[in-house]
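S.K.: Chain residues, written in single-letter form:
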Amino acid sequence: MLDVAGLRVSFGAIEAVHGVSLRVRHGETHCLVGESGCGKSVTALAIMGLLARGARRRAERIGFDGTDLLALSDRGMGRLRGSRIGMIFQEPMTSLNPAYTVSSQLTEVYRRHRGGTRAAATERAAALLGRVGISAPGLRLGQFPHQLSGGLRQRVMIAMALMCDPDLLIADEPTTALDVTVQAGILRLLAALQAEMGLALLLITHDLGVVARVAHQVSVMYAGEVVESAPVAALFARPTHPYTQGLLASVPVPGKLRRGQPLDPIPGSVPRIPPDFVGCGFRERCRFAMPACAVAVPLRERAPGHSYLCQLTP
Amino acid sequence: MLRHLPTALGALIVGAALLAALFGPSLVPHDPFAQDLLRRLVPPAWLGGDAAHPLGTDQLGRDYLARLVYGARISLVIGVVAALTSGLIGITLGVLGGFFGGWVDDLVMFAITCRLSIPLILVALAVVSAVGSSLSVVVLTLGLLLWDRFAVVARTTTMQVRRLDYVAAAQAAGASGFHVLWREVLPNIAHHLVVVATLEVALAILLEAVLSFLGLGVPAPLPSWGLMIAEGRDYMFFEPWVIMVPGLSLFVLVLGINLLGDGLRDLLAASRDA
Amino acid sequence: MMSAIEVRDVFRSFGRVRAVDGVSLRVPSGGVMGIVGESGCGKSTLARIILGLLPASSGDVLVEGQSLAGLDRRARARLIQPVFQDPYSSLNPRHRVRDIVALPLRAQGIWDVETPVLDMLARVGLDSTLADRLPAQLSGGQRQRVAIARALILRPRIVVCDEPTSALDVSVQAQILNLLAELRREMGLTLVFISHNLAVVEHIATEVAVMYLGRIVEQAPVEALFADPRHPYTRALLASVLTPEPGLGIPDAGLGDGTPDPANIPSGCRFHPRCPSVTAGCDTADPAKIRAKGRLVECLLAAD
Numbered sequence: 095m096l097d098v099a100g101l102r103v104s105f106g107a108i109e110a111v112h113g114v115s116l117r118v119r120h121g122e123t124h125c126l127v128g129e130s131g132c133g134k135s136v137t138a139l140a141i142m143g144l145l146a147r148g149a150r151r152r153a154e155r156i157g158f159d160g161t162d163l164l165a166l167s168d169r170g171m172g173r174l175r176g177s178r179i180g181m182i183f184q185e186p187m188t189s190l191n192p193a194y195t196v197s198s199q200l201t202e203v204y205r206r207h208r209g210g211t212r213a214a215a216t217e218r219a220a221a222l223l224g225r226v227g228i229s230a231p232g233l234r235l236g237q238f239p240h241q242l243s244g245g246l247r248q249r250v251m252i253a254m255a256l257m258c259d260p261d262l263l264i265a266d267e268p269t270t271a272l273d274v275t276v277q278a279g280i281l282r283l284l285a286a287l288q289a290e291m292g293l294a295l296l297l298i299t300h301d302l303g304v305v306a307r308v309a310h311q312v313s314v315m316y317a318g319e320v321v322e323s324a325p326v327a328a329l330f331a332r333p334t335h336p337y338t339q340g341l342l343a344s345v346p347v348p349g350k351l352r353r354g355q356p357l358d359p360i361p362g363s364v365p366r367i368p369p370d371f372v373g374c375g376f377r378e379r380c381r382f383a384m385p386a387c388a389v390a391v392p393l394r395e396r397a398p399g400h401s402y403l404c405q406l407t408p
Numbered sequence: 009m010l011r012h013l014p015t016a017l018g019a020l021i022v023g024a025a026l027l028a029a030l031f032g033p034s035l036v037p038h039d040p041f042a043q044d045l046l047r048r049l050v051p052p053a054w055l056g057g058d059a060a061h062p063l064g065t066d067q068l069g070r071d072y073l074a075r076l077v078y079g080a081r082i083s084l085v086i087g088v089v090a091a092l093t094s095g096l097i098g099i100t101l102g103v104l105g106g107f108f109g110g111w112v113d114d115l116v117m118f119a120i121t122c123r124l125s126i127p128l129i130l131v132a133l134a135v136v137s138a139v140g141s142s143l144s145v146v147v148l149t150l151g152l153l154l155w156d157r158f159a160v161v162a163r164t165t166t167m168q169v170r171r172l173d174y175v176a177a178a179q180a181a182g183a184s185g186f187h188v189l190w191r192e193v194l195p196n197i198a199h200h201l202v203v204v205a206t207l208e209v210a211l212a213i214l215l216e217a218v219l220s221f222l223g224l225g226v227p228a229p230l231p232s233w234g235l236m237i238a239e240g241r242d243y244m245f246f247e248p249w250v251i252m253v254p255g256l257s258l259f260v261l262v263l264g265i266n267l268l269g270d271g272l273r274d275l276l277a278a279s280r281d282a
Numbered sequence: 011m012m013s014a015i016e017v018r019d020v021f022r023s024f025g026r027v028r029a030v031d032g033v034s035l036r037v038p039s040g041g042v043m044g045i046v047g048e049s050g051c052g053k054s055t056l057a058r059i060i061l062g063l064l065p066a067s068s069g070d071v072l073v074e075g076q077s078l079a080g081l082d083r084r085a086r087a088r089l090i091q092p093v094f095q096d097p098y099s100s101l102n103p104r105h106r107v108r109d110i111v112a113l114p115l116r117a118q119g120i121w122d123v124e125t126p127v128l129d130m131l132a133r134v135g136l137d138s139t140l141a142d143r144l145p146a147q148l149s150g151g152q153r154q155r156v157a158i159a160r161a162l163i164l165r166p167r168i169v170v171c172d173e174p175t176s177a178l179d180v181s182v183q184a185q186i187l188n189l190l191a192e193l194r195r196e197m198g199l200t201l202v203f204i205s206h207n208l209a210v211v212e213h214i215a216t217e218v219a220v221m222y223l224g225r226i227v228e229q230a231p232v233e234a235l236f237a238d239p240r241h242p243y244t245r246a247l248l249a250s251v252l253t254p255e256p257g258l259g260i261p262d263a264g265l266g267d268g269t270p271d272p273a274n275i276p277s278g279c280r281f282h283p284r285c286p287s288v289t290a291g292c293d294t295a296d297p298a299k300i301r302a303k304g305r306l307v308e309c310l311l312a313a314d
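Chains as they are written, first to last, in the working numbering: chain A, 95 to 408; chain B, 9 to 282; chain C, 11 to 314.
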């Protein structure tokens, strides 16, 4: 459904994303996981052609269901966004327009891409609000975003992304601003919608708990690169890149940790990668670093669908 | 770099005015108060005047260039002192109201509302005509009237900063109320206040010119630019340069201060984000 | 044994919002009291009341046996210090690291600060070359270390941490948690640790209080609470945690979509509109506090 190869994004001399490749299949949830500044959000924006002015995008391939997105004009891209590719962002308050009612925002998207009468669009909006688990959709349609709770706003955002029956949904930290009890509800909804509509879902998150529970395939990003990509079970059972191992070891797991025992953090913090950097971006924090890491990093395959970027053999 | 062009222009104008105000009177060979009734209304050099008086002379034969640079000194003194006075009043009120809230804030808001209900020029005219016009009366009157914008900006920015955790951390650290306001709050709202200050300097200069033009500002024979325009009024149809020289100077100086203020706001905002 | 902190029936409202609605709490000396709850449950308001930054509408807070209301700001600062969530807003952007850390000393009238400041920076794992930096020149983890150094420089008895790792990346979060645990052991600190992250609280706390709409609905030693949660809300919270274990699916705690509104607190048990085990009487009778074996539950059903 979505096929990205060799994606690079630079802001001036700084390259925020260097050489990201990923694939999202029909009906699959692909999680892009990493810490702040690793380039995961920039990757999503680059795929959708929504980068800020001044950013430069290059790629070997960005294909969406047979269409070459690299060759598409801004206008053509605009037609795809919101209709065949839906988007959900972290903070629904900033992505919903506070000056318009829920109804007018939902119907506006639909009528821009699909046309039709206002009544038909409103009917579809009400049906979708019901589908995303909002009770009394008729009441909610007439309300403004600030009258809704955080969880409800996120459900409205999901309904908006679904208005035109997209094939691909890109969700950037959709539950990060929400409480745990609300988060579970939103994720359950996304999973149910995906199963029902056969959506491909690209989910960007920093939360390994979310990854473990919703992903089929996982790509771990560090310093602008995908350092490991694997099916979810393999990634958690056999993390192979030292960064993935460090990430998993530093998360406290309820009931799994002996009390009083210190956590095992990754030393240091995420570095700024200079423009002329070569070799492995993780080597300064890596306990297995060797001289060869400063030269080049091979992409190794551990099992079909499980690849990682490291000098070490499994 | 092109973005900074207006700022540079503003800085250039203000810098030139400062230099003229500081050193001008000692560099121009004429005394701004010396009358020479035989050489009245000599036009500027480029209008066929006299090389000894590059900007000509006024209706009493006083050298126009000497009066202009001396007038720059008066304008800047009035602008800066009035802005400092009003800044002291406005910032104190605004910070107190914004930080403590409650009845303190109600009081400050009431004071601001009262101040905004006062017709500025009429009150300034009334005060000056009642007390008598002198440089210090004009400065104080303007200073006591122009604090509202300082108060409004200081109040809203203080309310934003007050909620930040470093203020709570300083309070928890046992810091005094004075320390919290002076060291934690004030440095973080200062960049907004600098911008207000430039606007107030410009406004005070303009208001002084208005008062002087109406004959209630700086008393003659002090060469205020407003007074120069007023004195040239009777001759403007035959000798338009008499009012154009001080008028243009006023316009350029106020423009320069405002450009500088805008530029400072952008620069300070950028240094905060960096 | 005297409690390090004793909160006695504290209320605090903001207009119609009853943020803290009758909280009593004892934190034993040397313990770590974890306070968990969702946004709007009043946990941060409670933290500010305990720190003396916000007066309670009624009720009293005793710190080391002394009423907070009777302490002057310097004495209070020597006893109790905060670490806040967002290391980007908790450090004054205009001050250098050395001045930020020295502030509590200077507030005590101590002006010879050079040595203690550098010692404390080293203690929290910061190089002395960072002393002259501005906060904007530090990473999130380094900033939080500066905030911890500032909190500890007076050697207080108690540190109140309000979501100290929520704004940090996971790899850095683990560093900060380890640092706090280590400093607590070495300096004999009592910690109040407020967080919405149950896994983090389980890791660091000795005792946990669960807050819902301004009240503590369950309080118990950490092992007991996580092994055998009694209040339906605690159970729902624990069930909603997504542990990094693939294949378990997404849990349904059965709470529905209603979100609690502190401006409209329901009658009876305040949790009853969302409670999966609600029965007759929950909407009218105030639930009794049930105490047993060092735990406390506020629920009609917890009696048996």
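Since the hints were derived computationally from the structure, they do not count as laboratory data.
Any given hint could turn out to be false.
Claimed, not checked - Stretch-level coverage of chain A by chain C, calculated; a stretch enters the list once three of its residues show a Cβ under 8 Å from a Cβ in chain C: (1) 281 to 287; (2) 303 to 311.
Claimed, not checked - Covered stretches of chain C (in silico footprint by chain A; criterion: 3 or more residues with CB under 8 Å from a CB of chain A, positions within the stretch not fixed): (3) 85 to 97; (4) 206 to 216; (5) 253 to 263.
Note that beta-carbon positions come from the ideal geometry of N, C-alpha and C, so glycine has one too.
S.K.: For each hint, tell me whether it holds in the structure or not.
M.R.: The hints, checked one at a time:
no.: 1; hint: 281 to 287; result: holds (count 3)
no.: 2; hint: 303 to 311; result: holds (count 7)
no.: 3; hint: 85 to 97; result: violated (count 0)
no.: 4; hint: 206 to 216; result: holds (count 6)
no.: 5; hint: 253 to 263; result: holds (count 11)
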